[in-house]
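Residue numbers (the numbering used here), protein chains in the order written: chain Z, 1 to 112; chain Y, 1001 to 1113.
Possibly wrong hints are sitting among the right ones.
The following label-pair restraints were derived from C-beta to C-beta distances [to be verified]: (1) Phe1060/Y x Met29/Z: 16 to 26 Å; (2) Glu42/Z x Ser1073/Y: 17 to 27 Å; (3) Asn1079/Y x Asp98/Z: 16 to 26 Å; (4) Arg1051/Y x Asn27/Z: 26 to 36 Å; (5) Asn1059/Y x Ile53/Z: 20 to 30 Å; (6) Met29/Z x Glu1054/Y: 18 to 28 Å; (7) Tyr1050/Y x Gln111/Z: 35 to 45 Å; (8) Ser12/Z x Ser1073/Y: 35 to 45 Å; (9) Gln14/Z x Glu1052/Y: 47 to 57 Å; (10) Ile18/Z x Arg1051/Y: 40 to 50 Å; (11) Pro112/Z x Asn1079/Y: 43 to 53 Å.
Calculated from the structure, these hints are not laboratory results.
Don't be surprised by glycine CBs; every beta carbon is placed ideally from N, CA and C.
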Amino acid sequence: DQQVKQNSPSLSVQEGRISILNCDYTNSMFDYFLWYKKYPAEGPTFLISISSIKDKNEDGRFTVFLNKSAKHLSLHIVPSQPGDSAVYFCAAIGGGADGLTFGKGTHLIIQP
Amino acid sequence: ETGVTQSPTHLIKTRGQQVTLRCSSQSGHNTVSWYQQALGQGPQFIFQYYREEENGRGNFPPRFSGLQFPNYSSELNVNALELDDSALYLCASSKGSYNSPLHFGNGTRLTVT
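Could you build all of it, start to finish, from the sequences and the hints given here?
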């Protein structure tokens, strides 16, 4: 039973364009959401987060949008840069659950 | 500021053996958690320690156990290894508040044969 779903295993975007990574969740008790980025042979690195009381959070080139009614969040990266090529994980916490629940990740490839 | 460090980086064990993985938390962090990442999957929460006590656990059997030491370093122990235990084991530390982001180490790659 996957409570956090990232339905696109991979995404290819041209350098300079917008990258949009999507994430759906099923547990309505989740109240805090995070995005992590992972390069090969390294641990995940925290990117950006959003509380369920907000619908948008922005940090430089990264913006996360939350649609609670649809149980959907997205990460926008603009403009996309070659160094953004990595695996992106969506994660959630809340409802008394211990620890973060992660999706399976989306491999973002930025093409020159 | 020293980040989260894990040792060893790679390990090969035989089914039925026991293994201990180690982690040093980032300075200033008092909470440590462990995650298992199987191939093609996202990290799965094993357990979390705060002030040397386990204060959260995921859906893992008791043969997965841990320790947190007064200096906030930590160990993950796995007994009676099974082939399915082959995975990347990630340690993460944080300041302990609910919305405090986790800082991950680079992981230990465990292979069980």
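Hint by hint, here is what the structure shows:
1. Phe1060/Y x Met29/Z: 16 to 26 Å: 21 Å, holds
2. Glu42/Z x Ser1073/Y: 17 to 27 Å: Distance hint for glutamate 42/Z, serine 1073/Y holds at roughly 20 Å.
3. Asn1079/Y x Asp98/Z: 16 to 26 Å: 22 Å, holds
4. Arg1051/Y x Asn27/Z: 26 to 36 Å: 28 Å, holds
5. Asn1059/Y x Ile53/Z: 20 to 30 Å: 29 Å, holds
6. Met29/Z x Glu1054/Y: 18 to 28 Å: 22 Å, holds
7. Tyr1050/Y x Gln111/Z: 35 to 45 Å: 44 Å, holds
8. Ser12/Z x Ser1073/Y: 35 to 45 Å: 41 Å, holds
9. Gln14/Z x Glu1052/Y: 47 to 57 Å: 50 Å, holds
10. Ile18/Z x Arg1051/Y: 40 to 50 Å: Taking Cβ atoms as reference, isoleucine 18/Z and arginine 1051/Y lie about 44 Å apart, which means the hint holds.
11. Pro112/Z x Asn1079/Y: 43 to 53 Å: 49 Å, holds
When held up to the earlier numbered hints, the structure conflicts with none and fits them all.
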